[in-house]
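A.B. asks: Sequence:
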Amino acid sequence: MRISNCLILLSLFLVQLASAQEQTISGVELAIDQDRLGDTFRDEPYDADNYAISFRLGIYGELANHTYLGLPWLREKVDGFLLDKILYNRGFDRESKSHNFAFTINGFSPAFISDQTEIFQDTLGNGYLLRQDRPFSSFTGFRSTRRLEGGKRFVHSAYYMDMAFTTSVTIGLASIGWSRGLDDFIGAQRPDGILWAKDENVTYPTGQVIPRPLPVFMYSFSGEFVAAKPLRKVVVQLRPEVNLGYYTNIGIGLDIGKVMNVEKLVDNLGYTDTHNPSVLKVNNDNIGLALTGSVTARAVLYNAHLNALYGAGSDHYITLADTRKLMMEANVGAKVQLLKKIECSFSFNWRTSEIKLDNAKSHLWGTLGFKYLIAPEGEGCYDYR
1454 MRISNCLILL SLFLVQLASA QEQTISGVEL AIDQDRLGDT FRDEPYDADN YAISFRLGIY
1514 GELANHTYLG LPWLREKVDG FLLDKILYNR GFDRESKSHN FAFTINGFSP AFISDQTEIF
1574 QDTLGNGYLL RQDRPFSSFT GFRSTRRLEG GKRFVHSAYY MDMAFTTSVT IGLASIGWSR
1634 GLDDFIGAQR PDGILWAKDE NVTYPTGQVI PRPLPVFMYS FSGEFVAAKP LRKVVVQLRP
1694 EVNLGYYTNI GIGLDIGKVM NVEKLVDNLG YTDTHNPSVL KVNNDNIGLA LTGSVTARAV
1754 LYNAHLNALY GAGSDHYITL ADTRKLMMEA NVGAKVQLLK KIECSFSFNW RTSEIKLDNA
1814 KSHLWGTLGF KYLIAPEGEG CYDYR
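Residue numbers (this note's numbering): 1454 to 1838.
Treat the hints with care, as some may be off.
[As the list claims (entries may be wrong)] The calculated PhoX-like cross-link candidates involving lysine-lysine, where the alpha carbons are at most 20 Å apart (straight line), are:
#1 Lys1651 <-> Lys1686
#2 Lys1711 <-> Lys1778
#3 Lys1682 <-> Lys1711
#4 Lys1538 <-> Lys1605
#5 Lys1682 <-> Lys1605
#6 Lys1538 <-> Lys1550
#7 Lys1809 <-> Lys1778
#8 Lys1793 <-> Lys1711
#9 Lys1530 <-> Lys1550
#10 Lys1793 <-> Lys1686
#11 Lys1651 <-> Lys1605
No lab work stands behind these hints: they were computed from the structure. Model, not experiment: these values are computed from the prediction.
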């Protein structure tokens, strides 16, 4: 089945599910990443500016915490062991809890995804080596997420800090061919991704860094702590992150934004990477607007998208020595809610190079998202009956 048909069927299934389960679903989400969405800041031709392709289709609410594939059960066990006892023993006052369950496709590629273009041949003649660019890689799977929002009052100062804690468990397969199909389907301004497939008849490396479908896992944690509110509905917050699994890293982010009426924290509108949480709230006006900007420093210990499985993969992988241990990310974005039913969001995302080799460069792409809102207005899309 073609990727376009699969995506259409999945989207129709979730919309129908939302209509039939209004008492347990608070929203439905569709989000995509693609390099072409960042072409506003690039000069043509775009053949040498590929990097990211992602797709996320998810539901929010109590039904999202159903025992799909055992993921919510597994996340609850890990949360209870690592996080919950610490939170409540330290005086965290929970105001709301929400859940998200998403089907996700992530793909990453070198600058060139086709060798059937004139610019590729010219660049090879000028010394470009595909082996010194990042490899092709992908993930296809599911993510179960829980988000707690609330705060803590500090006794000695009577100061109340708004905060949130988001945890996720992600399980899926590396190297499924859907990323190539998604890249061809969405990246209309770019050539078809011929180099996603393994070709033994050429001298440069082709195909994915993990050559066969391989189960991968990740547990993610992020916190959000409001540091300042300099103006009405303007929030500055700190965002620590920890990810353990096929992408293992520690990050600290700074977010600033104008939030909607019902929001106390900044919604990170960036990319659909599996470690990035997604938030859904329903504004109390017919038109709601939020503007955000974020910058994150990340220390990387292991990345299967670059290093394959402990360094063993195809003939094209990046060694741990050639992987940058410190990288920066940034995004700016906006979201608009209309009639308390539809939310549209867009962001430009930037990431420094993740490798140290000669052909490494920073990357720019865009994220486009849509949400259908079912929950009532007010404090947001929490789980409800």
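A.B. asks: Does each hint hold? Answer for all of them.
C.D. replies: Okay, the hints, checked on the actual structure:
Proposed proximity of Lys1651 and Lys1686 is contradicted: the alpha carbons are some 51 Å apart, above 20 Å. Among the hinted pairs, Lys1711 with Lys1778 is inconsistent with the structure: their alpha-carbon atoms are about 32 Å apart, more than 20 Å. Only pairs whose Cα atoms come within 20 Å are accepted, and Lys1682 paired with Lys1711 is accepted, the gap being roughly 10 Å. With a C-alpha separation of about 15 Å, the suggested pairing of Lys1538 with Lys1605 holds against the 20 Å cut-off.
At roughly 16 Å between alpha-carbon atoms, Lys1682 and Lys1605 fall within 20 Å of each other, so this suggested pair holds. Restraint check: the Cα-Cα separation between Lys1538 and Lys1550 comes to about 16 Å, which is no more than 20 Å; the hinted pair holds. Pair hint Lys1809 plus Lys1778 holds up; C-alpha atoms about 10 Å apart against a cutoff of 20 Å. Simply put, Lys1793 and Lys1711 have alpha-carbon atoms about 18 Å apart, close enough for the 20 Å limit, and the pair holds.
As the CA atoms of Lys1530 and Lys1550 are separated by approximately 17 Å, the hinted pair is consistent with the 20 Å bound. Distance check on the hinted pair: Lys1793 and Lys1686 sit about 19 Å apart at the alpha-carbon level, within 20 Å; holds. Note on Lys1651 and Lys1605: the hinted pairing is violated, with a Cα-Cα distance of about 53 Å set against a maximum of 20 Å.
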